[in-house]
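*Asks:* Given next are the chains, with one letter for each unit.
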Amino acid sequence: MAAGQGASASPPVTTSGRRRKHHRSGLERSRSRAGLVLVLPALVVVGALLIYPIGEAVYYSMTNWDGITSQWVGPSTYVTLFQNPLFWRVLQNNGLLLLSVPIAILVPLGIAAILHEHLWGWRFFRSVIFFPTAISWVVIGMVAVRVFATGGPINALLGGLGLKFLQIDYLEFPYSAMAAVDLTFVFSMVGTNMIIFLTGMSTIDPAIYEAAKLDGAGRVAAFRLVTMPLLKRYFQFSFVITVITAFGALFSLIFIMTGGGPGYGTTTLEFFVYQQAFSEGLFGTGAMLGVVLFVIMFGLFLVQARLLRGEN
Amino acid sequence: MAAERERIVGGDSASVGPQAPSAGSRRARFRVDRVSVILFIVMVVCSGVMLYPFGFMIVNSFRTENQFLTGVGFSAASWGVLFKDLPVGVELLNSALVCTAAILLILAWSSAAGFAFAKLKFRRQGVVFIAIIGCLMVPVQSIIIPEYVNLANVHLVNNYLGAILVYAALGTPFATFLMTVFFRGLPDELIEAGLCDGVSYPGAFLRIAVPMAMPALATVAVLQFIQIWDDLLIGLLFLQEPTNRTITVGLAVLSSGNVVSVPALMAGSVVSALPAVVVYLFFQRYLVRGLTMGAVR
Numbered sequence: 001m002a003a004g005q006g007a008s009a010s011p012p013v014t015t016s017g018r019r020r021k022h023h024r025s026g027l028e029r030s031r032s033r034a035g036l037v038l039v040l041p042a043l044v045v046v047g048a049l050l051i052y053p054i055g056e057a058v059y060y061s062m063t064n065w066d067g068i069t070s071q072w073v074g075p076s077t078y079v080t081l082f083q084n085p086l087f088w089r090v091l092q093n094n095g096l097l098l099l100s101v102p103i104a105i106l107v108p109l110g111i112a113a114i115l116h117e118h119l120w121g122w123r124f125f126r127s128v129i130f131f132p133t134a135i136s137w138v139v140i141g142m143v144a145v146r147v148f149a150t151g152g153p154i155n156a157l158l159g160g161l162g163l164k165f166l167q168i169d170y171l172e173f174p175y176s177a178m179a180a181v182d183l184t185f186v187f188s189m190v191g192t193n194m195i196i197f198l199t200g201m202s203t204i205d206p207a208i209y210e211a212a213k214l215d216g217a218g219r220v221a222a223f224r225l226v227t228m229p230l231l232k233r234y235f236q237f238s239f240v241i242t243v244i245t246a247f248g249a250l251f252s253l254i255f256i257m258t259g260g261g262p263g264y265g266t267t268t269l270e271f272f273v274y275q276q277a278f279s280e281g282l283f284g285t286g287a288m289l290g291v292v293l294f295v296i297m298f299g300l301f302l303v304q305a306r307l308l309r310g311e312n
Numbered sequence: 001m002a003a004e005r006e007r008i009v010g011g012d013s014a015s016v017g018p019q020a021p022s023a024g025s026r027r028a029r030f031r032v033d034r035v036s037v038i039l040f041i042v043m044v045v046c047s048g049v050m051l052y053p054f055g056f057m058i059v060n061s062f063r064t065e066n067q068f069l070t071g072v073g074f075s076a077a078s079w080g081v082l083f084k085d086l087p088v089g090v091e092l093l094n095s096a097l098v099c100t101a102a103i104l105l106i107l108a109w110s111s112a113a114g115f116a117f118a119k120l121k122f123r124r125q126g127v128v129f130i131a132i133i134g135c136l137m138v139p140v141q142s143i144i145i146p147e148y149v150n151l152a153n154v155h156l157v158n159n160y161l162g163a164i165l166v167y168a169a170l171g172t173p174f175a176t177f178l179m180t181v182f183f184r185g186l187p188d189e190l191i192e193a194g195l196c197d198g199v200s201y202p203g204a205f206l207r208i209a210v211p212m213a214m215p216a217l218a219t220v221a222v223l224q225f226i227q228i229w230d231d232l233l234i235g236l237l238f239l240q241e242p243t244n245r246t247i248t249v250g251l252a253v254l255s256s257g258n259v260v261s262v263p264a265l266m267a268g269s270v271v272s273a274l275p276a277v278v279v280y281l282f283f284q285r286y287l288v289r290g291l292t293m294g295a296v297r
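Residue numbers (my numbering), protein chains in the order written: chain A, 1 to 312; chain B, 1 to 297.
FYI, nobody ran anything at the bench for these hints, they're computed from the structure.
Hints may be right or wrong, so weigh each one.
[Said to hold, decoys possible] Using 25 Å as the maximum straight-line C-alpha spacing, the simulated SDA-like pairs for lysine to any residue come out as follows:
| id | chain 1 | residue 1 | chain 2 | residue 2 |
| --- | --- | --- | --- | --- |
| 1 | B | LYS121 | B | VAL199 |
| 2 | A | LYS232 | A | LEU307 |
| 3 | A | LYS213 | B | VAL37 |
| 4 | A | LYS164 | B | VAL49 |
| 5 | B | LYS121 | A | ARG29 |
| 6 | A | LYS164 | A | LEU183 |
| 7 | B | LYS84 | B | SER256 |
| 8 | A | LYS164 | B | LEU69 |
| 9 | B | LYS84 | A | VAL220 |
| 10 | B | LYS84 | B | GLN240 |
| 11 | B | LYS121 | A | VAL45 |
| 12 | A | LYS232 | B | ARG289 |
| 13 | A | LYS213 | B | VAL49 |
| 14 | B | LYS121 | A | LEU40 |
| 15 | A | LYS164 | B | VAL45 |
| 16 | A | LYS232 | A | LEU214 |
| 17 | A | LYS232 | B | ARG285 |
| 18 | A | LYS213 | B | VAL35 |
| 19 | A | LYS232 | A | ILE103 |
| 20 | A | LYS213 | B | ILE38 |
| 21 | B | LYS121 | A | PRO41 |
| 22 | B | LYS121 | A | SER25 |
| 23 | A | LYS232 | A | VAL220 |
In isolation and in its complexed conformation, chain B is listed as follows (with noise of 0.2 Å):
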């Protein structure tokens, strides 16, 4: 055990013990042993399979019909067919659009909200802050009846602002969540510093705890876009017109019209899941501190 202790002393910075990680032997600390051996093949096997529906839209995409079905040969035929059927342009557009609008007002609001809570005191603080927080319950479905027909009356559907909108409020009780318990580990002496210096407490907020709130602000930024991009029941509800479609949407009304080619589906599958795939590359350690820190607090 104590060699195992060793390897987590130098494996992982999370896991910080007593001795410090001699830095030349770490590769020799990894233990050979069968037991390794067999958790190690078990892990590629499992990477495999879950990189297996990558792989394989990557492979097909590069086929035609045919080649898809005998499963001989490569193409790029199909890649043109999906630029001919599928305005992706737009709706990559649109998508961008979709998800850029909402981040921004949802880390406007839910960080204003989560540093009220942590830092200010309020009257009924405790019941608005049930009120927001408990939305987190409310499955989508449980609203998005009334929703959609609130907003068909104000003309708010097949409008970017509909979708905005909703988006947003969906994503703003986990938002002001992390962003509250963000703020709440915060020493209060820093603010207390600013308003002794003369700023107000919206100074305060601005120009004190926002600054230092960045990462907080990533993480929730991050969380988003991968929720917004990859959604289709309120895109598909709120944003009908082929000309607003996001590419999501776009790819699943392709799909289901059962008229175009699986490789072709295949290379709008590539083209849709990439900008959050990049956005996963860049940004993978923002997304599991979004993740866990529900379960943290």
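Pulled out of the complex, with its shape left as it was, chain A reads as follows (with noise of 0.2 Å):
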């Protein structure tokens, strides 16, 4: 690739001091040569299997591929995309999907607040809500379906708190289905993100706490106006992590509480590129469908950076 043409060309050399030059050059050669061997085998493996599939990719999108054949179509491919009433529906979702993105942020906010309080066994509470990080989707989703059936704990509780008429299978109807998944994709999220704003606090220096207190400040005011800029950073890994599994990493979760139902109820992008390719046999749709949603991904996190960066 690029970097495989630039290890041939050999650094400049000057007249003045040659013999010191000429070894320090020796010497950067065989250090440019040396990076260049070991970055080789992972250049390699990710151009082979992640850059070149992505122009792939771009490139069938604008095909009718059907895995094996394909005939250039042009863009329009994404024209008739556009006009699927479908695939709005899809998008739909995982507008859906993003609305839960604040509170996969803040719920474990608050939680890492508490926690930072160290109150009385708060090392147990960590691991303890950490721990859902460890269990794979498969099973999270499997245990899911059965707390939103009917007879399950969500009903009982409904029924406990004397809400009897909001008694149903949750999976059964398509955005009392999405509410599930999207409450199920918060259950998980709150562990990562609770380590994350949980180390982001550590950093802070107790001092600036003392001095905001001595101006005044009480819990909550020192919780706004000091912890919460210094996260900033934070709240911005966050954020991408949070929007990478919503939108990247759903598919597991899905496959198992929904397989994407009822009808399109929870089929999101991510599902709906896996349901055209391998279901319908449509390569081309679901390539052009993962295109467009690598696009709408690129553009949360550009539209995050802004924000953050205007508020500086």
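Reassemble the complex: the two chains are provided individually, in unrelated frames, and hints are given to aid placement.
*Replies:* This is the structure:
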């Protein structure tokens, strides 16, 4: 690739102080060669298995690829996609997923704030709350199906609260099923985001809090005025991780909980890619949806970066 | 606030303040006021919610279908059903094989690349770095379809090597990032001292840098283990035969078949979750470090 061409070019040698320069350039050259040799395996693998397929996806997105043969159609495939109401229905599910992102960030932020007070047993709580991070979506999804079913704990809880009219099988209707997926997603993000915020809080110098206290700030004001601004980059990281998970890592959860249904009720873009390609055999459409997903996620990160930079 | 600060100093090694904690009276410093009691109760409730799925799994795996529906009584019969319907042993071995091979590959080339980015200057370094690390932004679904077709064309679908390579490639960007961050923290003098002793650059990497990088390598290994062990999509596409399935895929397929009782599925969930849980319990520290290193730099 690009780096390979650079290897053969020799570094410039000047006439003055030739011996020292020559010696150093020899060392530089061996360092440069060693650098290339060491980076090459990773570069080859990433190039062949990650970068090259992106290029292919972009190309095949403008064809009618079925996995074996393909004919060039052109950018009009995108127009066709954007005119397809099903695409917008699926995108709506991604929107509903995005709505749960603030919850998936703020709930663990609250928990981290409480644990940062270092109340009795906080290390134990930290371990327990982080625990689901180790468990696969498949397993969590399998339990979640039972949790949201009629006769499950959610229905029992609603019954106990006297909300009997809300007792349904939540996976049976499109929007309630999407809400169930959202809730399960939030549940699974709590541990990761809590750890991110706890790490951030532990880097804040306690002296700052004392200064805030002297200025008359209470617990809540100190959190809002001292902790929050200092956690900015942790918010950024948490947002990126949460969006990557929501849009690109929920396949297994949806596969187990709903299979994308009822109807297209819980089919997100990510799941749609899989369905179009491997159930319908529309590999070109699948590749195109993958490209659209990539563009949307990239756009979200840009917006996020712009927003947080603007706050400075 | 003075009392609170003392508690922080006494309680958390990460935030060491100027005052030394006096070991004897640490417990007495945990404030017992109304707010703390309420927060404590909130944390107990949160913990209960987080542990609920695991408890649900274990309790219901010891029930028969009928006992599950009525919620009364216990039996180990479902565990027998599980081992009869799911080739648990083979699938666990498949998972272990795929995980181990992919992790070893990731460790090898991401540590080499990380060392090169942090300690060696070479041409087009910036472009190469961005090319590898930028792939962090690429969702699996954007590449999975061409990937599948490419690997099918070279007969790597339904072949352990195919799944191993895809897992290894997907793990490489973040692992390389972590290793670069780690090696940047190593003093240059260590490497230079080795070079003065006549060691080559690759020798300095293998004999000086790698032994010092053990904590970072452990972080990468733990993170990747959890990720690969728990993955469904790659396994589902690249290992489709009942004989080469991983445990997570086997369980998902069993679940989508709708023929096995819920308690047997719960027993399967316990089995599939257990290795990751054990890794979590022993190496939680490394997992935490891996997740937060991205935020620190």
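*Asks:* Determine for every hint whether it applies to the structure shown.
*Replies:* Outcome of the hint check:
no.	hint	verdict
1	B:LYS121 x B:VAL199	17 Å, holds
2	A:LYS232 x A:LEU307	11 Å, holds
3	A:LYS213 x B:VAL37	22 Å, holds
4	A:LYS164 x B:VAL49	22 Å, holds
5	B:LYS121 x A:ARG29	9 Å, holds
6	A:LYS164 x A:LEU183	20 Å, holds
7	B:LYS84 x B:SER256	17 Å, holds
8	A:LYS164 x B:LEU69	20 Å, holds
9	B:LYS84 x A:VAL220	57 Å, violated
10	B:LYS84 x B:GLN240	20 Å, holds
11	B:LYS121 x A:VAL45	21 Å, holds
12	A:LYS232 x B:ARG289	19 Å, holds
13	A:LYS213 x B:VAL49	34 Å, violated
14	B:LYS121 x A:LEU40	14 Å, holds
15	A:LYS164 x B:VAL45	23 Å, holds
16	A:LYS232 x A:LEU214	24 Å, holds
17	A:LYS232 x B:ARG285	24 Å, holds
18	A:LYS213 x B:VAL35	18 Å, holds
19	A:LYS232 x A:ILE103	17 Å, holds
20	A:LYS213 x B:ILE38	22 Å, holds
21	B:LYS121 x A:PRO41	17 Å, holds
22	B:LYS121 x A:SER25	12 Å, holds
23	A:LYS232 x A:VAL220	18 Å, holds
Of the numbered hints stated above, those contradicted by the structure are hints 9, 13, listed in ascending order.
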